[in-house]
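Trainee: Single-letter residue listing:
Protein chains: 2
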Amino acid sequence: MSLKEASAYLLPAIETELQRQIARLDEPRTRPFHEMLTYHMGWTGEGAGPEARGKRIRPLLVLLTCAACDSDWRASLPAAAAIELVHNFSLVHDDIQDNSEKRRGRETVWVKWGKPQGINVGDALFVLSTQAILDLVPIHPVEIVIRAAGILHNTCLDLTRGQYLDMSYETRSVLTTDDYWSMVGGKTAALLASCCALGSLLGDGDESTQKAYLDFGHYLGLAFQVQDDLLGIWGDSAVTGKSSESDLVSRKKSLPVLYGLGKNGPFAKRWSEGPVSPKEVSDLAEQLASEGARLYTQETSDQMSDLALQSLRMADPKGQAGDALFELINKLLIREA
Amino acid sequence: MSLKEASAYLLPAIETELQRQIARLDEPRTRPFHEMLTYHMGWTGEGAGPEARGKRIRPLLVLLTCAACDSDWRASLPAAAAIELVHNFSLVHDDIQDNSEKRRGRETVWVKWGKPQGINVGDALFVLSTQAILDLVPIHPVEIVIRAAGILHNTCLDLTRGQYLDMSYETRSVLTTDDYWSMVGGKTAALLASCCALGSLLGDGDESTQKAYLDFGHYLGLAFQVQDDLLGIWGDSAVTGKSSESDLVSRKKSLPVLYGLGKNGPFAKRWSEGPVSPKEVSDLAEQLASEGARLYTQETSDQMSDLALQSLRMADPKGQAGDALFELINKLLIREA
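If you read the sequences in order, they're chains S and V. Heads up: the first sequence begins at 2 in my numbering, then just goes up one per residue. Heads up: the second sequence begins at 2 in my numbering, then just goes up one per residue.
Be aware that one or more of the hints could be misleading.
[What the hints assert, rightly or not] Beyond 12 Å from chain V on every Cβ pair, some chain S residues (computed):
no., residue
1, Pro51
2, Val112
3, Arg148
4, Ser169
5, Ser291
[To be verified] With a cut-off of at most 27 Å between alpha-carbon atoms, the simulated DSS-like pairs for lysine-lysine come out as follows:
no., chain 1, residue 1, chain 2, residue 2
6, S, Lys113, V, Lys253
7, S, Lys253, S, Lys103
8, S, Lys56, S, Lys270
9, V, Lys212, V, Lys103
10, V, Lys56, V, Lys264
11, V, Lys319, S, Lys116
12, V, Lys113, S, Lys254
13, S, Lys264, S, Lys280
14, S, Lys103, S, Lys332
15, S, Lys116, V, Lys212
16, S, Lys270, S, Lys253
17, S, Lys56, S, Lys103
18, S, Lys116, V, Lys113
19, S, Lys319, S, Lys254
20, S, Lys254, S, Lys270
21, V, Lys332, V, Lys103
22, V, Lys103, V, Lys113
23, V, Lys116, V, Lys212
24, V, Lys5, S, Lys253
25, V, Lys56, V, Lys212
26, S, Lys253, V, Lys116
27, V, Lys254, V, Lys319
28, V, Lys116, S, Lys103
29, S, Lys113, V, Lys116
30, V, Lys253, S, Lys116
31, V, Lys103, S, Lys254
32, V, Lys254, S, Lys113
33, V, Lys254, V, Lys5
34, V, Lys254, V, Lys116
35, S, Lys116, V, Lys103
36, S, Lys56, S, Lys332
37, S, Lys116, S, Lys253
38, V, Lys212, V, Lys113
Honestly, the hints are just simulated from the structure, not real lab data. Just so it is clear, CB atoms sit at the ideal spot from N, CA and C, and this is done for glycine as well.
For reference, chain S alone in the conformation it holds in the complex:
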């Protein structure tokens, strides 16, 4: 079974489960509130459709991990929904915190309904995730449900830690690559690690298998983030297409930038002088590369990818879902730089 084949029946199941969870708010009196959530999820309103939904990578990862433990993926469906709800809660609040007006090509929730309602929409998505995880009760022994809830909630606390660090870095001038790892560990990596931990717990994997999957998700998240940072400066669209979208313009303190700042050379000097205009992007990206940041970032990404792959091999994923997992890791990590 290819990833495409798996997605063809897993993705509709994910959407149905998400809709079922969010329907808790579908009552006459709170219908407009329900609509704010269905809009964000990409089901209703202007521009609704697959593009507006995102890739649902996280719930897919939960279901595939569960199936690769030789179990029925349905055993992890409420957990897959819970993870996607958490992810979307964090997106809705992120967009408010960053003042982002667009998400997946559409107006963000707060732009449409204002920040006060936007905050409440994020809160509701978060609550729904805690309810979704308890829907595991009819399918699993209660001890397992408690452990799954614990994994989910710990991840959510990691998210708030990562978010705090991310926001505090905006105003901090001295940052090291250590700071970077703490922040990324709390954000992208924590959620992906949680997907695999939940999938293997609910797929009845043994302790060592669960640990291997947890590591897989963790390194996958790190590799994914570092790759994203690389593309944010040297990716096609960042250099040529839309240089205004370069991380150098948005002043994102990504891994290559922190590396460059650590070098204290011409790049660091230019960075400290203030905002970078889209016109300068191409030259400054080249300068940063000449100081070794591109190579360092690529090597770091490769290293994390290798660790992810090793962990996945250790987990020994079974059957067609296992093949799909290997395909997923390749698809996520080998993108054109």
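Add chain V to chain S, keeping to what the hints say.
Mentor: Showing chain V alone in chain S's frame:
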């Protein structure tokens, strides 16, 4: 045991448990984040102290209910903390949504650290509540913990419903008292009902006792809110002391206002003409009273108080904690109007 005596040893236990829960964020890298939470809780920063902490009515209600079921109040301590964390999460987000600069006499979290960090502080308090409830695991059978978590999460969803309604009413011109009950049911009443439901569940009360306590908390919350609405217009400080703080000036769509609007008389006419100045407050409050709103509100409050009292009697609270509960209801509901 009087309420005062009970509070003397319950309140310190509540603070210790809350501090223990929030200490999950007390790590070198996230120390300033941890401080944002301890500031809000009234433990650190300018103006820290009992005044800044609020009355901790909700956790007190959990512990007293548990004890009044003839159980050790310690059996419900993590749940008491969870409820207070939820309450404080909603306060932090509320203050951002309402643009309120002061809370319990001090600057609000968002005023001190900005709205983006403020949103994240609220999120963290929320996550911590979900972790606190799982701390019941060593004390209770897992089935009971799952039920407790379910009660907590359902209440949180009610809170977001109530918050949605509250915010949407600000811009809606036609509102009835029915709309009022839905909103208040989701906010104040849901949380107080949840306190009593959790206390009696964890205190091992039988089904009918749990139901009676749930009703008690529900009506207590409604009575409390209606009383608050009454004081917001005809309370001493609203009329004479600080007329700028009258609900008539803030245009709060409280029960007496909705009653007055329904009458469609001189009050409704004046209200529809726009903002009310502090100078007009005294006359307009009198006009509203002359249209029957004060009597109606007082009668409604009395009715809800009676229902709360009846439910409490039905629950048959035991021992000194029971006495303290009766004292609490009197203290909360019989305030000078």
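Trainee: Hint by hint, note whether the structure agrees.
Mentor: Right, here's what the structure says about each hint:
1. Even its closest Cβ contact with chain V, about 27 Å, leaves proline 51 of chain S beyond 12 Å, as expected for a residue assigned away from the interface.
2. Distance check for valine 112 of chain S against chain V: the nearest CB is about 16 Å away, which clears 12 Å, and the non-interface claim stands.
3. With 12 Å as the threshold on Cβ separation, the claim that arginine 148 of chain S sits away from chain V is violated: the shortest Cβ distance comes to roughly 10 Å.
4. In this structure serine 169 of chain S is not separated from chain V by more than 12 Å, as the shortest Cβ-Cβ distance comes to only about 7 Å.
5. At roughly 32 Å, the least C-beta separation between serine 291 of chain S and chain V is larger than 12 Å, which holds for a residue marked as non-interface.
6. Between lysine 113 of chain S and lysine 253 of chain V the CA atoms are separated by roughly 24 Å; this keeps the pair inside 27 Å, and the hint holds.
7. Straight-line distance between C-alpha atoms of lysine 253 of chain S and lysine 103 of chain S comes to about 18 Å, which keeps the hinted pair within the 27 Å bound.
8. Restraint check for lysine 56 of chain S and lysine 270 of chain S: the C-alpha separation of about 39 Å exceeds 27 Å, so the hint is violated.
9. Restraint check for lysine 212 of chain V and lysine 103 of chain V: the C-alpha separation of about 37 Å exceeds 27 Å, so the hint is violated.
10. Annotation: proposed proximity of lysine 56 of chain V to lysine 264 of chain V is violated, straight-line Cα distance about 37 Å (limit 27 Å).
11. For the proposed pair lysine 319 of chain V and lysine 116 of chain S, the alpha carbon gap of about 47 Å is over 27 Å, so the pair is violated.
12. The suggested pairing of lysine 113 of chain V with lysine 254 of chain S holds, with an alpha-carbon distance near 24 Å, which does not exceed 27 Å.
13. Of the supplied pair hints, the one linking lysine 264 of chain S and lysine 280 of chain S holds, its CA atoms being roughly 24 Å apart against a limit of 27 Å.
14. The hinted pair formed by lysine 103 of chain S and lysine 332 of chain S meets the criterion: a straight-line CA distance of about 25 Å does not exceed 27 Å.
15. The suggested pairing of lysine 116 of chain S with lysine 212 of chain V is violated, with an alpha-carbon distance near 38 Å, which exceeds 27 Å.
16. A hinted pair counts as satisfied when its Cα atoms are at most 27 Å apart, and lysine 270 of chain S with lysine 253 of chain S qualifies at roughly 16 Å.
17. Taking the CA atoms of lysine 56 of chain S and lysine 103 of chain S, the gap is near 17 Å; set against the 27 Å cutoff, the hint holds.
18. For the given pair, lysine 116 of chain S sits about 19 Å from lysine 113 of chain V by alpha-carbon distance, which is consistent with the 27 Å threshold.
19. Simply put, lysine 319 of chain S and lysine 254 of chain S have alpha-carbon atoms about 39 Å apart, too far for the 27 Å limit, and the pair is violated.
20. For the hint linking lysine 254 of chain S to lysine 270 of chain S, the alpha-carbon distance of about 15 Å falls within 27 Å, and the restraint holds.
21. For the proposed pair lysine 332 of chain V and lysine 103 of chain V, the alpha carbon gap of about 25 Å is at most 27 Å, so the pair holds.
22. The hinted pair formed by lysine 103 of chain V and lysine 113 of chain V meets the criterion: a straight-line CA distance of about 11 Å does not exceed 27 Å.
23. In summary, the hint linking lysine 116 of chain V to lysine 212 of chain V is not supported, as the alpha carbons are separated by about 40 Å, beyond the 27 Å threshold.
24. With a CA separation close to 54 Å, the supplied pair lysine 5 of chain V and lysine 253 of chain S exceeds the 27 Å bound.
25. With a CA separation close to 26 Å, the supplied pair lysine 56 of chain V and lysine 212 of chain V stays within the 27 Å bound.
26. Proposed proximity of lysine 253 of chain S and lysine 116 of chain V is supported: the alpha carbons are some 20 Å apart, at most 27 Å.
27. With a C-alpha separation of about 39 Å, the suggested pairing of lysine 254 of chain V with lysine 319 of chain V is violated against the 27 Å cut-off.
28. Taking the CA atoms of lysine 116 of chain V and lysine 103 of chain S, the gap is about 19 Å. The hint holds against a cut of 27 Å.
29. Taken as a hint, the lysine 113 of chain S and lysine 116 of chain V pair is honoured in the structure, with Cα atoms around 19 Å apart against an allowance of 27 Å.
30. Annotation: proposed proximity of lysine 253 of chain V to lysine 116 of chain S holds, straight-line Cα distance about 20 Å (limit 27 Å).
31. The suggested pairing of lysine 103 of chain V with lysine 254 of chain S is violated, with an alpha-carbon distance near 34 Å, which exceeds 27 Å.
32. Of the supplied pair hints, the one linking lysine 254 of chain V and lysine 113 of chain S holds, its CA atoms being roughly 24 Å apart against a limit of 27 Å.
33. Restraint check for lysine 254 of chain V and lysine 5 of chain V: the C-alpha separation of about 35 Å exceeds 27 Å, so the hint is violated.
34. Of the supplied pair hints, the one linking lysine 254 of chain V and lysine 116 of chain V holds, its CA atoms being roughly 26 Å apart against a limit of 27 Å.
35. At roughly 19 Å between alpha-carbon atoms, lysine 116 of chain S and lysine 103 of chain V fall within 27 Å of each other, so this suggested pair holds.
36. Restraint check: the Cα-Cα separation between lysine 56 of chain S and lysine 332 of chain S comes to about 12 Å, which is no more than 27 Å; the hinted pair holds.
37. Proposed proximity of lysine 116 of chain S and lysine 253 of chain S is supported: the alpha carbons are some 23 Å apart, at most 27 Å.
38. For the given pair, lysine 212 of chain V sits about 42 Å from lysine 113 of chain V by alpha-carbon distance, which is inconsistent with the 27 Å threshold.
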